[in-house]
Structure formats: structure tokens, C-alpha cells
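A.B. asks: So the chains spell out like this:
2 protein chains.
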Amino acid sequence: MANLLVDERDAKFVLHEQLNVEELCMTDKYSEFSRETFDMVLDAAQKLAENELWPINSDGDRKGVRLEGGRVRVPESFHKAYQYYREGGWMGLAVSPEFDGQGFPISIACAAVELFVAANLGFMGCPGLTAGAGRVIQEFGSEEQQTTYMEKMYSGEWGGTMCLTEPHSGSDVGALRSKATRNPDGTYSIVGNKIFITCGDHDLTENIVHLVLARIEGAPPGTKGISIFIVPKKRLENGSLVDNDVITAGIEKKMGLHGSPTCALNFGEKDNCIGYLVGQENAGMPIMFQMMNEARLGVGLQGLALASAAYMHALRYAQERVQGPHFASMKDPQAPKVPIIEHPDVRRMLMWMKSVTEGMRAMLYFVGHCEDLAAVAQDKAEAAKFKGLVDLLIPVCKAWSSDIGFRVTEMAVQILGGYGYCSEYPVEQFLRDVKITSIYEGTNGIQALDLVGRKLALNQGALFRNFMELTGELSGRCRQNPRLQKVVDLFDEAKSQLMEATIYFAKKGMAGEATIPVLYATPYMELFGDVTIGYMLLWQAEIADRKLREMYEQAGADTPEKKYELLKASNDAAFYRGKIASAEFFSNSVLCLASGKSRALMSGDKTAVDIPRECLVRS
Amino acid sequence: MANLLVDERDAKFVLHEQLNVEELCMTDKYSEFSRETFDMVLDAAQKLAENELWPINSDGDRKGVRLEGGRVRVPESFHKAYQYYREGGWMGLAVSPEFDGQGFPISIACAAVELFVAANLGFMGCPGLTAGAGRVIQEFGSEEQQTTYMEKMYSGEWGGTMCLTEPHSGSDVGALRSKATRNPDGTYSIVGNKIFITCGDHDLTENIVHLVLARIEGAPPGTKGISIFIVPKKRLENGSLVDNDVITAGIEKKMGLHGSPTCALNFGEKDNCIGYLVGQENAGMPIMFQMMNEARLGVGLQGLALASAAYMHALRYAQERVQGPHFASMKDPQAPKVPIIEHPDVRRMLMWMKSVTEGMRAMLYFVGHCEDLAAVAQDKAEAAKFKGLVDLLIPVCKAWSSDIGFRVTEMAVQILGGYGYCSEYPVEQFLRDVKITSIYEGTNGIQALDLVGRKLALNQGALFRNFMELTGELSGRCRQNPRLQKVVDLFDEAKSQLMEATIYFAKKGMAGEATIPVLYATPYMELFGDVTIGYMLLWQAEIADRKLREMYEQAGADTPEKKYELLKASNDAAFYRGKIASAEFFSNSVLCLASGKSRALMSGDKTAVDIPRECLVRS
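Going down the list, the sequences are from chains A and B.
My numbering applies: residue 1 is where the first sequence begins, and numbers increase by one.
My numbering applies: residue 1 is where the second sequence begins, and numbers increase by one.
For the record, the hints were derived by calculation from the structure and aren't laboratory data.
Please note that the accuracy of each hint is not assured.
Note: identical chains are not told apart, hence a pair may lie in one copy or across any two.
Here are the simulated SDA-like cross-link-like pairs (lysine to any residue), alpha carbons at most 25 Å apart as the crow flies [as the list claims (entries may be wrong)]:
no. : residue 1 : residue 2
1   : K253      : Y276
2   : K253      : S423
3   : K606      : P523
4   : K507      : L241
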């Protein structure tokens, strides 16, 4: 079972050899830590993932959750795992010690979360949302609220949720109808129906703290009149917990994620639901916006994690499954049969999976690391630089990783063939589970609009320019290395296509033709992601090439034969060689398409919106 | 519910306005038919699909099939539907009247099958395979075998299967281990284990006729030593049916297609399994090859059908779901909310779904029609021309339609958002069901190798050249029409990219560098499919443009306003306008990418196969 979830060598390569997270330990904030403590916590995370979360992943899928007598029951096996998760202090992994957390950097937490999610996405709903809801209270709650809820939540004693969606209010959050009425004691009475609430009810914790978006009577329409409330399932009254009129009206039957309850919740059916305002009235959306980066990075990690597990399983299967002779001896009926990893079509699929998964991992950890660097920055300008990178890349992390993550699971099914379609193997569950990631936490269409409509324009385009500068520095360096020439050429070309498309969008926007950027936001996002991944892989290839050359030199490997001997003898050398291959493969197979993609983007074709609706819909 | 499965207007456009199937009625073979009889049978098919098959589609998914006491049970609701299907004579729709079939052209049968499959893919396993197995006996069986089995099968009294796959023999059919031993009476004793047998057992019929691939003792290894046997579940002895030692060892739990039993069958566990040789000894593979076109066209139709149903559902949802204001008034909280079909990102998705679904429909019916034209051809050369088109395009029909069909269902889930992920709506089932189509009947990787390794080379490349000539005639004609200029330009450019890549492959093959075409077979297949679909849509746009102009002229619609009025008033006009839009959209969004795709194909990059295996797999 071991090592079928995440390529730990690659995760550590990103953290230590690419990002040098260890340097954080030279700052006050992280002075307690060292590379060793980072690795220790990741090894512990791997053990928890492999020994506790993974073995119950299929249990969650098959048994699913049930609604019994108004209470949601998760599979029995989840209870023990939740205890382990709590006791390990994982909920507070990146929470400041000031709030009893472990205080690890976000980049390290990313690597741990990847492991947990790869092992069991369904299980991770409850701890993930609890930590997220806890963070809202930590950042915006009153001292009293912090005292009442935070420790209970970060310790996992109580669960947490985010209650945004309503039947008529999905992507359009501003349309929500839940109401809050001021009570004389400063609390609010909440009435409303919420749907699609992840872990909206379960029996893992005795209480669940809902963060509910609602409109206070008389508040402005749209997003400007939304407030956020703490609405516990059981509220504290005189030191004991009493029911707070939150009813679980139903749970959804879903394509995947069966281990995670998706609930419809009714608040205040009996007019006895009390909520506690977080922050100011009508500040719900700004608060949500500030939590969004973390949540969206989390969803990106889900796309990565399931891609990772799918790739690892497909890779293992391709080594073990013997089928047909090598294509070069196809016509010889006596030719030995080979494992399917030797078939070029399978290799091509595996290399694609490898390169995009490694690229996503680097992108996501990098963005987590930028958060860390912003937090320890020497001055505001430096902090702003890193924050800007985070803001710019977050929609890409969310959308590209969830879209491509799905595609990787699809390819794993394809590699396993008929077995891939059967529940006996886990890859079809990965596919079903990961599909939700392109939808929740803002659909990928919304992410694309966020990138094109907001992020590109921020600070007169400074975020984008800064990122392009960063990539320019890298390719300038790599251009000196003849061995990376072709990769650099393809990267630079793709990058200039992206820049051209960006300028085209900006011009269209300024000319009052915003339809074009809006219409092409999603394909633009795809291209943006390709270039970002290309950047990550080139960066990695630069490091791997240097280290591999050093190893060759030290070993005196100066012929192809000797080099190959070293690759066979040294896991590290093989890993570095594989890294370079990822960059080469990705640039030839994906970045090569950038010119076509940017051309489609800049075709100016508006058929999709110009066509009268009647031509699509016949009466 | 009506019209949520297949756009019947489009199906009839392809049959009557594009392919002019009516002309078949001028031949002896089809002289009994007319456009009216064609339409009548399709209307009847639509009724059966909508009234009987569709209402039980989700029942099949939720209840699934069970193995009880060695017998597979399908959902109760399937029995009534199966009766309707039998009684309607649908099993023999395209079977010659000489064998008590209805004798309809294959193109018409394609349209009927699309409806049935869109309504219920799981249900269609049994009738589909029964008809296919019946065809094998019709084409290759002895007179006695024909008498014994064909009527029973074409009437649906007995079921049928194809038993190829074994645990160690999937894509590599030649590796199969099932054995046949000659008996003195001319029968054979069969021993072997088969897996992934669609409808390998069920309780819809009293008997099931398995067509089993096995190796006769002493036969050569590999595919050259495979024979094909009729192995009925119950064999006729002295006029009564006796058990034939075929055991259902298990059924698979699958990602989708829950209504269709996927069985593991053990033949001859008690040494009492009798098989009857079909055709000559060791002729199993040639026979299979001759049935392959029909089977692969069938799988292509499955990809189309689920794409079609997914598109129709997404289109309906997008009209009904009101969410957010139009983007142009995004900042006005009072702006009216609009159905999501008005949002550009949703429109873009719908237009993509529309154009590829319509393109696939045209391609698949066209290939069916080529079969029909070959059957009524005046001479051998004409027949060979149409057969050549079929042979060339079959792998594209199978692979492109199943890959893109899956992608369309994915996009439908995306358009429905959270609802799309829930089983309350049918789109997630479409996605799960259609996934198998890229795997069975030869994985899409196998299809790509068939295209690149066999079909391109047949008759020194004549099949490919003929097809390119055909597309050249069309674009030559369309080039005269200034309104189609841009579509033609993009099509011609994509086509020349395809031709360049094809020549590149041929040169590599001749230079002994077959690795390149083998490695890039799948991306080549994608490009080939893009160009084929582009051809179909351009052809349709040519017709639609002419008809629309005629309508404008007749109505005196000479201003944009008057034209729009006509579109609103006339379903036909709106349909034709939509057709042109499909071609425009597809050429700008998909054909634009051809240059990048061909460049990647011709990069010559062999990273995926050159990289030592050790670099992928660490110990």
C-alpha cells in the first residue's frame, strides 16, 4: 500500500530543493523548526494517511453516510480515524501556537493535506471545514467568540461548516434569502434554508459550529447586505448545550464523495435559532473574501491529491500488468509479453500524468510558500509582492488543478482499462470523488472570471507583470544552459502567447468590449495554467539538471552507459533525470499548443453570444 | 421529458438534408421504403425511447443487477421494456427481410440506436449484443446454426454475447487460454474463464448464446490459432434445452452502467460444456475483424447518444436556472437575474457541446450511410470507395466519439453545478455510464494504433487520400461562398496540418522510426477527429446557409431586424442559423488548435519512451 498515494520524494524535492522552506527557520516566526522537524511531521502525516485514512477510503464510498432520526451517521470506521486525526493535533497544524496550534508553515501543511486528501477526500471534509471555520472566528470573531469556539474547533471536539448556498443562490451569493433579525440581547434570530453544506451534520462531534451567511432585516440587496453569523447546532446556555433549532432536512445522493455528508439545513423552523454576528453587520462578503484564498488553495490541493493517488496507482498497475509484446516485435507471436509500461501509448499517458501532477504540486506548494514568505516579510513591499503572487495564482490553483486533476483520474481509469471501470480498483472512485472540485468553492467558470475580471486588473496589472518578470528571470538563467535550450524556447514562446492574449484582453476591456475577455475567460485560464506549470517544471529542471550533472561528475559517469548505470543504482539520479523528462515532455506536449490556444482566444469570434437564443432552443 | 434525449430535428437534418438517405429507396434493396417510412420508424423509436426506456434508466442505475443463486437478475422494470423492444421488432431493424428482419438501412438504424442508447445505455447491452452475435451467425454460421439460433436471437427470445476477454488477455486477444477439444461428433468441448462479459447472464431470456473465442488443441499460438464457437447457456438436445455447463462466477461492481450485468463466466468447470465451431478452425480473428466495424460504430453511437442526452439536459437546465445578472450589469444590484444560458461562459460550454455533438452525429450517420451505399453500389469500385471510407473512419468514430462524448457529459455536470454532481439529476449517471465506451470494444489507444498502423497504410494510403479528396471538393465549393470564408479557411488550414502530420508519420515509418507514429497515435487520432468533425460541420453549414438564404429571400427579410424576426418565427430558420453557428464556433475554438497539435505531433520528442523506466519507478 505504501507510496501509492503521493510521491514523497517529489514532495520533499519541492519543499527542500525548489522552495528551500528551511530558510523560513531563520525567521523568528519559525525559529523552533528545522528541516528535520518538517520531515518528521510529514513522515507522521504519511503514516496517518496510509495506516488510518486510506484503508477506510473505500468504506466511506461503499457504505456512505445515512440520515437516521434527523442525525447524520458517517461510516463507523471514520470515528476511529477521526480520533487519530484529532489526537495528532492535525487540525491545528498551521495554526499559530498562540491559539494552541502547531504553527507549521502553510507550505508544510500543504504537503500534509495532500497526503490526507489523497488517502481519503471524503473523510477530510469534516476536519478541513472545521479548521477553515475556526480560522474565520480566529481572524474576525470577538474575544468571547474566540474563547467559546476556537479551542473546541481546533482540537476537533466540535465540527465546523460554511453555510453559503441556498436553493436559488449558488454562484450568485448575493441572491441569498436567509434572514437575521436583531434581538434585544445583541444576538440574532436566524431563519433560512441552506443546501450543499459539506459536513452540515455528522456524528463525529457532539456539536457543529455553522458559519451562516444571512441578510439582516433592512440590509441592502445583493452582496453588500450580507452578514456572517456563528450558528452552533447546540448553543451554550448557562454552561450547558441546548438545541439551537438547526434541522438536517436531507442529505444528497452524489456521484462521489459518499463518505462526506452533503446536507440541506433548515435554520429557525421553530423560530428558535440564535446566531452570533461575526465582525460588523454587512461585512459577510469581505470576510468571506479574505478566507477565500485559503479555501481555494485547499480545493486545488484536492485536485492535486487525487491526481497524485491516481497517477501512483496507474504507475503501479502499468508495471505489474503484462499484456502483449513490445510494439517493435508485434508480429512475432513468440515475442515475450511486457508490462504495459513498455507500450508507448501507456508511457505517453503516464508521462503526461507525471508532468502535470508534479507541476501542480510545485504550483500549489509554491503558493502556500508565498503565503509563508508574506507572513515573515521584512517590509510591506516584500509582503505585498508575495501576497500579489498568491492573489494572482489562487484561481489558477483552484481551477487548473481541479480540471486537470479530474483529467488525470480519467487517464488512470484508461490505463487500468476494464479494471479501471470496476470498483475493485480505487481509480474510479478517485474520478467520482474529484469531480466536485471543479464545482464547489466557486465553479471554475467563476475562477476564470476572477482571474480575468479582477486579478489581471489589480494594481494596473502589476500582479501579472511581477509574475511574468519572475518567469523571465528563470528563463534568462536557463537559457545559459544548452541542455535546457528546447524547454526554454517552448516556455518563452508559450509565455509570450499568454502575454499577447493578456494585452488583447486588456485592450478589449478598455475599448468597452468586455464580452471577449468574459467569453474567453476559461480558455484563458487554461493557457495561464499551462504557462504556470511550464514555469514550475522549468524551474525544477534547472535544479535537477545541476544536481544530476554533479552526480555524474562525482561518479565519473562520462558515457551514456555509465550514466545509465548510475540512474539504475541511484534513486536520486533517476529522480532528477525524471524531473528533466517532465519538463521536456510537458513543453513538447502541452506548451506546444499555446500558439493555437492564444490564437483561438484572440480570434475575436463571438458566435457563442451573438447567436440568438432561439437558435439553440427550439420550441 | 420529451426531446431531452436527442435533437430529432438535427437527426433528420443529417439523414434527409445532408445525406439524402431517401435516394436509397431508388435502389432495389430499399425500394419498399420511403422518407415517410424512415420517419415513421424513427418516430416510433423516439416513443419507445421516451416512454419505456428512459423512465427506467435511473432505476437500472440505482437498483442495478444482482447475482442470486447463480442467476443474474436485472431490475424488474427492464422486463417490460424488453418485451416492448422485442415486440417492436427492433432487434432486427437493419436485418435483411430474408432473415425476418425489417431491412432498414444502417443509417436509419444508427438514428434509432442513438435514441435508445440516449434513453438507457444499460438496457441496450442485451439487445445490442444479441443482434451483434446474431449477425456473426448470419454471416459465418452453417445453415443448421442459422436455423437453430438466428430467429430466436433476432426475435429476442434468446440473448447473445461476445466472449473475448480473459483475466490475462484484454487488449492482447492472442494471449487467451480458453481451450477447445474436438469431439468425435464434430462438436468441441470448451474449457475456460472469461471476464467482462456484457450481459453474460440475465433473466430477460430463457437462453443465452455465447460466442466464445478459444484455441483448439494444437492450434498455433497468438491470434492465428483462435477459433470462434457458439456456446449456448442451454444446448438443444433431442429438441429440449439442457444445461451446458456455463457458470456465472461473478458480476462486477462498476462505476456506471449498473443496469447492465458485466459477468465472469466459467465454461466447462464440470467438463460438460459443448461448443459449435463457427466457420473454419482458426478463423476466429478474421471473423471478429469483419464484425468489428459494426461493433465499433455502435460504441461510437454510445458516445454520441450520451453526449446528446447530456447536452439536451444541460441546455434545458441553462434555460430554466436563473442565477445572477447579465455580466454587463454585474455591478447593479437591482439588475434582473437571467437564466444562466445568458452567461457567456455557459454559452461557450453549450456551443461547444452543440457543435461537437452535431458533428459526431453527422460523422456516425455518415459512416452508417457509407455502409448502405457500399451495399447498393453499382460496381466493385464504388463499393470499395465507400467501404474504404468506413474502414478509415471507424476507429475515429469509436475513439473520438467516446472521448468527446465523455467530455460533453463532464461539461453537462459543470453547467448544472452542484446539482450536476447529485443523483437527483441524470447527468452524473451519463458521465459514469459513458466512461466505459473509451475502454471496451478495443481501448481508444488500440483504435489510434488501428488508424495509424493499419488504416493509413491500407492500399498505399488510398483510403486517406480519398477522404482528403472528398473534403477538398467540399471546401472548394464552399470557398465560392463568401459567408463561409472564415470557416473554410480554418478548415483548410487544419486539414493541411493533418496531411502534413500524416506525411511525417509515413516518412518516419519508412525510415524505420515507427516509434514516433506509435507514440503519437492518440494525439494524431484527436487531430484526425477534429478535422473530420470540421468537415461534417462545414458540409452542414453549406446546406444550412443555402436554405436560410432561401428562407430570408422568400420572406423578404433583408435587414438584420427582419432576419431576427424570421428566426424567432421559424424553427427551421433558427435551426439553420444554429447550424452555421456550430461550424463557426467549432472552427474558431477547435480547428484553431490544429497547428499547435500538429506541431506537437511533429516535434519528434521521444521523452516518454526514451526515459529509462527507473526514472518513473523508484524502488
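A.B. asks: Which of the numbered hints above does this structure break?
C.D. replies: 1 and 4
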